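Line order of the protein sequences matches chains R and L. Following the numbering used here, the residues of the first sequence are numbered contiguously, the last one being 107. Following the numbering used here, the residues of the second sequence are numbered contiguously, the last one being 303.
Since the hints were made in silico from the structure, they are not lab data. Every value quoted in this text rests on a predicted model; they were computed, and no experiment measured them. A virtual CB, placed ideally from N, CA and C, is assigned to each residue, including glycine. Be aware that a few hints might be false.
Computed footprint of chain R on chain L; a stretch qualifies when at least three of its residues, placed anywhere within it, have a C-beta under 8 angstroms from a C-beta of chain R [said to hold, decoys possible]:
#1 144-155
#2 194-202
#3 206-218
#4 234-243
#5 262-269
Result set (EDC-like, lysine to aspartate or glutamate): computed pairs, CA atoms no more than 16 angstroms apart in a straight line [as the list claims (entries may be wrong)]:
#6 L:Lys238 to L:Glu282
#7 L:Lys236 to R:Asp101
#8 L:Lys240 to L:Glu295
#9 L:Lys238 to R:Glu106
#10 L:Lys191 to L:Glu303
#11 L:Lys236 to L:Glu284
#12 L:Lys236 to R:Glu3
#13 L:Lys247 to L:Glu285
#14 R:Lys89 to R:Glu105
#15 L:Lys240 to L:Glu303
#16 L:Lys236 to R:Glu96
#17 L:Lys247 to L:Glu303
#18 R:Lys102 to L:Glu284
#19 L:Lys236 to L:Glu268
#20 L:Lys242 to L:Glu289
#21 R:Lys102 to L:Glu285
#22 L:Lys247 to L:Glu268
#23 L:Lys236 to R:Asp29
#24 L:Lys242 to L:Asp267
#25 R:Lys89 to R:Asp101
#26 L:Lys238 to L:Glu285
#27 L:Lys242 to L:Glu295
#28 R:Lys102 to L:Glu282
#29 L:Lys236 to L:Glu289
A few chain R residues that don't get close to chain L, going by computed Cβ distances all over 10 angstroms [what the hints assert, rightly or not]:
#30 Glu3
#31 Ile4
#32 Gly6
#33 Ile11
#34 Ala14
#35 Ser90
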Amino acid sequence: MSEIAGQAIIIIGALFNLFGCIGLIRLPDVYNRLQGATKCVTLGTCSIMLGVLISAGVSPTGMKALAAIVFIAITAPTAAHALSRGAHKSGIPLWEGSVVDKYEEEK
Amino acid sequence: MLYRKAPNTHNWYSGYNKVINVEEATEKPKISKVVFVFAVTLAVWLLFTWPFAPVDWATIIAGSIISLISGTILAGVATQHPIKALNPVRYFWAACYVFALAWWVMVANLDVAFRVLHPDVPINPGIVKVKTKLKSDSAKTALANSITLTPGTMTVDLSDEGHLYVHWINISSTEVEEATREVVGRFEWLLRRIFE
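Isolated chain L (complex conformation) (with noise of 0.2 angstroms):
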């Protein structure tokens, strides 16, 4: 039941400009995916349940079942290639990712608390277009939300060329390769070696 195709196909969400078909959402999904989506579930359940040292089965068994039915539903919305989340190196890269960010959502933040404490508030703001090389959708979210968390940046919109609508507190440059060294810049690298 849960694998039968929609008998309408319509959009599922097509504000955005990607849209995502429920007629492919909803095929039947990859074992690959459900594993994918069972493993990551399972872990936040098991984080929730903190500790399981005295081993409490009733506990486990649950998350386990509840694991197993959201990954069946989920499965083909949650990722397009769970094989690449086997690969060591990515966690790696990852790791450093999330140094990366902190250092730069605290430099985010002494900026904007400088701005906001400043008496003339020195801002010159405006939005900018900046294109990434990313193609992964998982890839393109991490970049929007980092370029959002870091530095004077805030991601409006994501075309499907692979272009970034940014709005950016303090202009230096709207050109858009500029613009794209500037905010692109600090985390594409990073995000490729991860998603990609």
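Chain R with its partners taken away, still in its complex shape (with noise of 0.2 angstroms):
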């Protein structure tokens, strides 16, 4: 039963994982794609990291899953901060279509 459960969460992840792969194509400037590499492959990489945990239970594979789970959490909004932030440093533009930026206008 938890080796099922676990292969449909891994399942899911690998999903999300192309969703933001998908994103990182379809979407039009640096900032826009962080966000969505940044938010689905991190759920989708988490995903895979838990079916782990959940098909091979309460084992060493199990607990290394668990603490990838929290490093990756941790780490990846932190990586796509310290690159949105020295892309904008750098004077890459925002997309022609976006509405507003802030940050431009009081560095």
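If you follow the hints, you should be able to join the two separate chains into one complex; please do so.
As structure tokens, then:
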């Protein structure tokens, strides 16, 4: 039972990773792409790890998967923040359809 | 030797508005900070070396020594008020926070999936400014990370006065108050109870 549940969650995680990759191609600028990539890939990878945790149970593999979930959840948003801030500092403009850029106005 | 003050005070990472001073960071750390880092590091070590049911003393002793070394080195930069970690009420709110975060991450992903798969890619992006009342560094960090994981928003920068610049994929208001209510309101009350 836990085997099947784990596999199902792994498939869902892979699907969200796929959505993240589609977002990387379809969204217009670096900031929007980072949004899509960060959110979907974080949840996708965490789901895969959760699936491993569920199918492996309380075992060495499962505990390492749990630790990986925590680390990914902390580091992925931080990396997105650093990348977007670096992109903005080095002068990459927002997509022309953007509404407002308060960061540029108040720099 | 570890506690020797740096001969030339320079900014460790001056790219950020808030500067971490090497001299402050290398001051002799308080014992409670060392214990805090030691406990966290040892917990992670034990998680990695699971199972410890047949007690393997070599692993535990090696882990303790390494945790102690990293504790003494990193105590200065780890946290300001480790004594707060002993309050059980904070853990209750932290558990609530994990569930709230999981819910919003799920919503965020369905939101992104919808926008990405829609034939027109319905986005209305921009960078807005929001403000937060949170004071401590760890609380602000957690808030910035939570904002990045929640629907349609991503933190770009954090200013000293407690303003966050947030990239928002579908802007509904450019006013500071309105944007604050929608972006920060989800997590601020929880994080205030956890960290402050």
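Here is what the structure says about each hint:
no. : hint                 : verdict
1   : 144-155              : holds (count 3)
2   : 194-202              : violated (count 0)
3   : 206-218              : holds (count 4)
4   : 234-243              : holds (count 3)
5   : 262-269              : holds (count 3)
6   : L:Lys238 to L:Glu282 : 11 angstroms, holds
7   : L:Lys236 to R:Asp101 : 9 angstroms, holds
8   : L:Lys240 to L:Glu295 : 8 angstroms, holds
9   : L:Lys238 to R:Glu106 : 14 angstroms, holds
10  : L:Lys191 to L:Glu303 : 8 angstroms, holds
11  : L:Lys236 to L:Glu284 : 9 angstroms, holds
12  : L:Lys236 to R:Glu3   : 46 angstroms, violated
13  : L:Lys247 to L:Glu285 : 20 angstroms, violated
14  : R:Lys89 to R:Glu105  : 13 angstroms, holds
15  : L:Lys240 to L:Glu303 : 11 angstroms, holds
16  : L:Lys236 to R:Glu96  : 19 angstroms, violated
17  : L:Lys247 to L:Glu303 : 11 angstroms, holds
18  : R:Lys102 to L:Glu284 : 14 angstroms, holds
19  : L:Lys236 to L:Glu268 : 12 angstroms, holds
20  : L:Lys242 to L:Glu289 : 20 angstroms, violated
21  : R:Lys102 to L:Glu285 : 14 angstroms, holds
22  : L:Lys247 to L:Glu268 : 12 angstroms, holds
23  : L:Lys236 to R:Asp29  : 20 angstroms, violated
24  : L:Lys242 to L:Asp267 : 10 angstroms, holds
25  : R:Lys89 to R:Asp101  : 13 angstroms, holds
26  : L:Lys238 to L:Glu285 : 10 angstroms, holds
27  : L:Lys242 to L:Glu295 : 11 angstroms, holds
28  : R:Lys102 to L:Glu282 : 10 angstroms, holds
29  : L:Lys236 to L:Glu289 : 12 angstroms, holds
30  : Glu3                 : 20 angstroms, holds
31  : Ile4                 : 21 angstroms, holds
32  : Gly6                 : 18 angstroms, holds
33  : Ile11                : 15 angstroms, holds
34  : Ala14                : 13 angstroms, holds
35  : Ser90                : 12 angstroms, holds
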